[in-house]
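Assemble the whole structure, with the sequences as input and the hints as a guide.
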Amino acid sequence: MLRFRLAPDNMKFGFMRLRRVTYPLSALLSILSVVAFLTLGLNYGIDFAGGTLMELRAKSGQADLVTLRALGDKLQLGEVEVQAFGGDQDVTLRVRLQPGGDAAQQQAVQSVRAAVGENYEFRRVEVVGPRISGELVQSGTLGVVLSIVAVLTYLWFRYEWQLAIAAVIATMHDLLLTMGFFAITRLEFNITSIAAILTIVGLSLNETVVVLDRIREILRKFKRMPMPEIIDTSINAVLSRTIMTSTTTLMALASLVLFGGHVIQSFAVAMMFGLVIGAYSSIFICSPILIYLGAPSQGEPEKSGP
Amino acid sequence: MFRFPRWKIASIIAMSLLAFLVIVPSFLAKDVRENIAKKLPAWFPFYSVVLGLDLQGGAHILLEVDAADVARTQVEALRDDVRRILREERIRITGGIGGSGRTVQVRVPDAAERQKAVVRLRQQAQPNAANALGITSPPTFEVRESPDGLVQLVLSDSAILDRVRRAVDQTIEVIRRRVDALGTTEPNIQRQGADRVLVQVPGLQDTNRLKELLGTTARLEFRLVADPGYSPGDVDMLNEFDKDGKPLGSYPVEKRVMVQGEDLTDAQPGFDQRSGEPVVNFRFNLRGGQRFGEVTSANVGKPFAIVLDGKVISAPRILGPITGGSGQISGRFTVQQANDLSVLLRAGALPAKLTIVEERTVGPGLGQDSIDAGKTAAYVASVLVVAYMLTTYGIFGLFANIALFVHIVMVFAGLVLLQATLTLPGIAGIVLTIGMAVDANVLIYERIREEARMGRSIISALDAGFNRAFATIVDSQSTTMVVAVILYFLGSGPVRGFAVSLGLGIVTTIVTAVTMTRLMIALWYRWSRPTRIPI
Chain E
57 MLRFRLAPDN MKFGFMRLRR VTYPLSALLS ILSVVAFLTL GLNYGIDFAG GTLMELRAKS
117 GQADLVTLRA LGDKLQLGEV EVQAFGGDQD VTLRVRLQPG GDAAQQQAVQ SVRAAVGENY
177 EFRRVEVVGP RISGELVQSG TLGVVLSIVA VLTYLWFRYE WQLAIAAVIA TMHDLLLTMG
237 FFAITRLEFN ITSIAAILTI VGLSLNETVV VLDRIREILR KFKRMPMPEI IDTSINAVLS
297 RTIMTSTTTL MALASLVLFG GHVIQSFAVA MMFGLVIGAY SSIFICSPIL IYLGAPSQGE
357 PEKSGP
Chain V
3 MFRFPRWKIA SIIAMSLLAF LVIVPSFLAK DVRENIAKKL PAWFPFYSVV LGLDLQGGAH
63 ILLEVDAADV ARTQVEALRD DVRRILREER IRITGGIGGS GRTVQVRVPD AAERQKAVVR
123 LRQQAQPNAA NALGITSPPT FEVRESPDGL VQLVLSDSAI LDRVRRAVDQ TIEVIRRRVD
183 ALGTTEPNIQ RQGADRVLVQ VPGLQDTNRL KELLGTTARL EFRLVADPGY SPGDVDMLNE
243 FDKDGKPLGS YPVEKRVMVQ GEDLTDAQPG FDQRSGEPVV NFRFNLRGGQ RFGEVTSANV
303 GKPFAIVLDG KVISAPRILG PITGGSGQIS GRFTVQQAND LSVLLRAGAL PAKLTIVEER
363 TVGPGLGQDS IDAGKTAAYV ASVLVVAYML TTYGIFGLFA NIALFVHIVM VFAGLVLLQA
423 TLTLPGIAGI VLTIGMAVDA NVLIYERIRE EARMGRSIIS ALDAGFNRAF ATIVDSQSTT
483 MVVAVILYFL GSGPVRGFAV SLGLGIVTTI VTAVTMTRLM IALWYRWSRP TRIPI
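Protein sequence lines correspond, in order, to chains E and V.
In this text, residue positions in the first sequence follow the numbering used here: the first is 57, and each later residue adds one.
In this text, residue positions in the second sequence follow the numbering used here: the first is 3, and each later residue adds one.
It should be emphasised that the hints constitute simulated quantities derived from the structure, not laboratory data.
All residues carry an ideal CB built from backbone N, CA and C; glycine is no exception.
Do not rely on the hints blindly, as some may be mistaken.
Facing chain V, a subset of chain E residues (Cβ under 10 Å, in silico) [to be verified]: (1) ARG76; (2) PRO80; (3) LEU81; (4) GLU177; (5) ARG179; (6) VAL183; (7) LEU202; (8) LEU211; (9) THR248; (10) VAL265; (11) LEU268; (12) SER296; (13) MET307; (14) ALA310; (15) SER311; (16) PHE323.
Structure below.
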């Protein structure tokens, strides 16, 4: 029976040769990410920046973007961001954090309601006061830091130090590039983005672990094989799996991006990027590091199965 | 690999069937579900999956008790105490008794009297004598004395903290009564941290009304309007407003409160018999009734003010002693306002001002849209993944797909049994695990292919595939699990929903993708006795 396969059997591709291309490329992308992060910064959503987000639907006809944009000046709310999405009748309206504490944010919502409440249905209203947004920044940062620490501890116990360091570098690489992705695409950065980033860390490690497990297995079996060859054999062995799984997960994420609604879209887009980067780094970033670090010393070769 | 004891087969099938049964109620209409649930024993898990506010629509409002307001009230009370004590002890003071921030200060010129006052006040600061263990609670305030005659009382941190904590408890009680009056189902009101209260009301349409009910302190006071020639220190100038909030005028109202809202036992909206205007009828408790009777008897002909949160509602003239213990507030209300005011008065006053620090409201329409979008995404993802697995692995792909189906059912069953909240990111988490769930199968199948290529017999290749892939599956899933656990503890609401679905997905993957697929392949092997691996 003819089967559909993306990776041929018995593939013997020299991935390690490519490190002369992928290392400079990743270095460049990393630098670009840092620069973008430092110069452009992230496009913080109201979770972290505070302020008000409203989703309006015109009760009849189209949403009048011009009038809505003018609200900022009219009501003295500063800059008001208006974005259309979906049909012509739906818009999101974002009001920046108002000076004057929590009560001022509520006041802003009231004045918008009073101004356009007759013509628009308020489908969603989110108001985050200045203190809550500060706390969310704290807990978000704590979440990322804690996850990294937890994952590092896990790797430390699970692998020899060379493999652990390789995994850590790959994870940092993915994290860095994802932040760069957020900075460059101006994708809104919210609490759900933190969830996306942490999931990316999880998925990327998942890929890394699969590759490293195989490398370790082959190391035990063929003690005298040179390191680049061991890595190439391992990667070729797991490649079809990496492609399969990445494809199914990408399919799931793509359907979220296309059909999951605009609320979840940026979440899914970020995760798609992270997934691709995670698969890439497990092959091209994590593994070649072992060439430089050398093979971990091995004990008895693993007993092969019956 | 192929020795599956009967009990194991039976328990796997039983588990899957059970999972199916658990999710059935979620697909029934609400009234049908509730009817059936009534006939079943209470322990039977016949309930629907809990939808988050982002999916069913509703209001999520985080309120903060204003600690400064609590301190202010406490300083006021302390000032009254000081006044009472000094009067009792007949201690002469110069100037008034000042209160600001968390300090009350008074000037006692005579040194001997000052000494007496300080001793007496220090006793006051230690209201409870040492308990049986000889431990005294810390004093509620510190008394400082300076040689120039100034006596200062400073409230301690612990006293204010303690008062804030009690204020939050009281606030929760009051809010519960107020929200219940809205007639919504299953509001969730809980303490959050030291000084916050979270109010979640599912399915609420009009959040403005809710916010108004939450934002009003509703401190009702009956106070006399001061006689001409009052001293400015003893009165507040308070404004009166009309229906639309335009100021009508102001009254000099005595600081002294005759009767307070806490002395009300009931308040009901009604209409004035003569004018037909909406009014609020109220009844005092015994103490309030007596007090009101006394004051009105002594002040016939003078006006008094009904003050709500520092605003004069109305200032009628006392026509005669009111001793019946009941009365009427009329103050240019709309019907709705009279209604709300009686709700507020029945529920009692908030102990301190509340500030809305976070609000997230989703209309029911948007919630339904999100559910629909999530469903569509889940269907599309499933169809794609199923088709891809079938074309790649043939019959083994079919096994993986059956396992995938059971996996999704089990995730839902887990959500129902844990009564965990399904949120929009939670749906995304489930869709994501659709993609990830087959990872375990892929790992196993690829390993089987590889082992077979190396010349192993079918049975040994199958066996090696499952055994060797298992360690990697556990390894790789545990990294994602670590993340799910951290997200659960750090996130709130929607993010927590994502963590729950993700975590559940990982657990059920191991059950379905490993054990179930293994069972299916074992049965298939026994039945068809293949000569080559079909993948």
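For each hint, the structure was consulted:
1. ARG76: This interface hint is violated because 29 Å lies over the 10 Å limit.
2. PRO80: Violated, about 28 Å.
3. LEU81: 25 Å, violated
4. GLU177: E/GLU177 check passes; min Cβ-Cβ to chain V is 7 Å, inside 10 Å.
5. ARG179: 4 Å, holds
6. VAL183: 4 Å, holds
7. LEU202: It holds, given that the least Cβ distance between E/LEU202 and chain V is near 5 Å, below 10 Å.
8. LEU211: 8 Å, holds
9. THR248: 6 Å, holds
10. VAL265: 5 Å, holds
11. LEU268: Since the shortest Cβ distance to chain V is 9 Å, the answer is holds.
12. SER296: 5 Å, holds
13. MET307: 4 Å, holds
14. ALA310: Because about 8 Å separates E/ALA310 from the closest Cβ in chain V, which is inside the 10 Å limit, the hint holds.
15. SER311: Because about 4 Å separates E/SER311 from the closest Cβ in chain V, which is inside the 10 Å limit, the hint holds.
16. PHE323: Check passed: Cβ of E/PHE323 comes within 6 Å of chain V, closer than 10 Å.
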